[in-house]
Amino acid sequence: MDAYIVNPNAYTCLDHGIELLDNLFSGNCGLSAANSIYPDYFPENTTKIGAIRGLKSDESRLLQILRAIGSLIPEQAKQCQLILGASSLGDLEGRFAGDPYGCIQYYLASEKPELAPLYKGVISSACSSGTDVLSMAALMVDQHKYDVIGVLAVDCLDRGKLLQHVTLGTQGPDCAKPFDVNRDGTSFGEGGGFAIVANKDGLEQLNTKQVYNIRGFGMSCDAQHITAPDETGEIPALAISRALNAASLAPSDIGYINAHASGTTLNDQVESIAYRKVFGKALDSIGVSGTKGAIGHLLGATGLVEAILTCWALSVKRAPGTIGLKDKDETLNIPAIVGGDFREISRPVGISTTFGFGGVNSAIVIESLN
Amino acid sequence: MNQTVCHYGSYATSNGKIPVPEQLKDKDKRADTAARVAVLAAVQTLEFVNNIDLTALNIVVVNREGCTAHIRKVSNGIANHQPAQGYFVRSGPQTLATYTALALGAHGAAFTFVGDNCVLSEATSTALYLTQLIPGSATLLIVVAKKGEADYQADSVLIRQIENSNKLEQEINNHLSRVFT
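If you read the sequences in order, they're chains A and B. Position 288, counted from 1, in the first sequence is what my numbering calls 288; the numbers after and before it change by one each time, with no gaps. Residues are numbered in my numbering as their position in the second sequence, beginning at 1, plus a constant of 1000.
Since the hints were made in silico from the structure, they are not lab data. A hint or two may mislead.
Derived CB-CB ranges, DEER-like [claimed, not checked]: (1) ASN1173(B) / ASN207(A): 30 to 36 Å; (2) GLN205(A) / ASN1051(B): 41 to 47 Å; (3) VAL181(A) / VAL1049(B): 46 to 52 Å; (4) ASN1173(B) / HIS225(A): 31 to 37 Å; (5) ASN245(A) / ASN1174(B): 31 to 37 Å; (6) VAL181(A) / ASN1166(B): 50 to 56 Å; (7) ALA109(A) / ARG1178(B): 26 to 32 Å; (8) ALA1079(B) / GLN64(A): 18 to 24 Å.
Sample of chain B residues lacking proximity to chain A, with all beta carbon distances greater than 12 Å (derived) [unchecked claim]: (9) LYS1025; (10) VAL1043; (11) GLU1171.
Chain B side only, calculated, beta carbon under 8 Å to chain A, not exhaustive [said to hold, decoys possible]: (12) PHE1088; (13) ARG1090; (14) SER1091; (15) THR1112; (16) SER1125.
Owing to the predicted nature of the structure, the values given are computational and were not obtained by experimental measurement. Backbone N, C-alpha and C fix where the C-beta goes; we use that ideal spot for every residue, glycine too.
Let's have the full structure, built from the sequences with the hints guiding it.
So this is what it looks like as structure tokens:
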């Protein structure tokens, strides 16, 4: 596709910027105990979450996180012709409850007035929102509807959202252990990222060189259940194979897979089946890792942050390990890299996948042009 | 040469009343009102359409408010430490698209543009481009707007094959933007 990622940056509980990747290589974890973040609400719950520390409780969490991400938005963003957001639900209490669109609009109008007129909407596809906003921006610049688009993904883990996920059992009792034999749930978190997506004309306007090319994307919907995934892996595999087809690539062309790797029993099982269906034996030569054991599952922002981490990993030609993974579940038959370890990336193309409530599956293929 | 085919449909509630769509009755009956309206508009649009490849049917929705009734129920319980996880998992704006996919058995993309008339042009372009991306695919674009206190209206268009996407984009925008007035 004639679509390139420019100046991507991410903000998480562990760190921001390229230092975030360095932390992953060092095996660092940014998760905190829930009772240290919400001592009044969860006094005894020590489940680990990827919460941003130091946020005020009497103000919208989403708004405070937007300010943090906003500090990372480059000057070049003023040359965007469109700003698209990505989020799931944002806050569940207060003036912006269930309204991340309104929160982003308020933030831009009050603190980034030069960008506010460019902002038109938010892509919502649950935990695939961040992947899908990148894909839709790529589609629009590729088709020359716009030359330069800014994508802003953000989500927060307020006390109410954590309460729902603890009750659902999707939030594990400790920390996420993706692809581990002892995995028992994910670690939710918060944060986000910003990136500029431009076509070649847009790169000229930005006076920027090509760095990361979005080669293609694929999306699918299980259409089976509002929360549970397709256990056969067929429909998630469809999204991944659509992404490879759109990129005109064979499975053996992929050097790195940034997996959704939520750490729930069912997700990791379905995801592993889907990869094996698409990649076959080629999967064994690809480095696979996930980041939720280090930074948490960033909900509607997770796709963009993980795509950014994919860019950075490709640019240094090394895939970080999966923090939280110690004892691999061999029944999954997936070459996941354990936490603290790394793997050299021999081919400069990676794929980042996300899956969300409602059965949405998304995959995006990125090539580093370094 | 590709042939351009567009089918339009709509659904509106009156006095806030809305049934559970037939297509969801044996799957999931707990959709928020906004999601039900989206499903019913989709069903109406496809009523007389044949030969749709459901594996490659995309659902793209435009809506500003999201699932306000479900969000209210979730929010109300939080202060008292009362979870409402059943409503929570059905309260994201994406459910307008995913419930529609569930009702129809559609396995293409399913997502929602949260926004009003301002984002309609992007949604329409995206729907057209997605339809071009995979041969034989189709996209159902649904615009859902709240009317007054309790009522909703949804207008939708099914796009199959594209010949002149610029002309079609204008036609679709003109048709669907009426839902916001």
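For each hint, the structure was consulted:
Distance hint check: the CB atoms of ASN1173(B) and ASN207(A) are about 33 Å apart, consistent with the given range 30 to 36 Å. Checked against the given bound of 41 to 47 Å, the beta carbons of GLN205(A) and ASN1051(B), roughly 44 Å apart, stay inside it. Range check, VAL181(A) to VAL1049(B): about 48 Å between beta-carbon atoms, so the 46 to 52 Å window is met. Taking the beta carbon of each, ASN1173(B) and HIS225(A) are about 34 Å apart, inside 31 to 37 Å as hinted.
At about 34 Å, the beta-carbon gap between ASN245(A) and ASN1174(B) stays in the expected band of 31 to 37 Å. The given range of 50 to 56 Å is respected by VAL181(A) and ASN1166(B), whose C-beta atoms sit roughly 55 Å from each other. Taking the beta carbon of each, ALA109(A) and ARG1178(B) are about 28 Å apart, inside 26 to 32 Å as hinted. In this structure, ALA1079(B) and GLN64(A) meet the distance hint of 18 to 24 Å, their C-beta atoms being roughly 20 Å apart.
At roughly 14 Å from the closest C-beta of chain A, the C-beta of LYS1025(B) stays outside 12 Å, upholding its exclusion from the interface. For VAL1043(B), the non-interface assignment is confirmed: its Cβ lies about 14 Å from the closest Cβ of chain A, beyond the 12 Å cut-off. At the 12 Å boundary, the C-beta of GLU1171(B) stays outside the reach of chain A, the nearest C-beta of that chain being 17 Å off. The closest approach between the C-beta of PHE1088(B) and any C-beta of chain A is roughly 4 Å, which is under the 8 Å cut-off, so the hint is satisfied.
A least Cβ separation of about 6 Å between ARG1090(B) and chain A falls short of the 8 Å threshold, and the interface hint therefore holds. Annotation: interface hint on SER1091(B) holds; nearest CB of chain A at approximately 6 Å, less than 8 Å. Because the closest C-beta pair between THR1112(B) and chain A is about 5 Å apart, less than 8 Å, the hint holds. Interface hint at SER1125(B): satisfied, since its Cβ lies 5 Å from the closest Cβ of chain A, which is below the 8 Å cut-off.
Against the hints set out earlier in the document, no violation occurs for any number.
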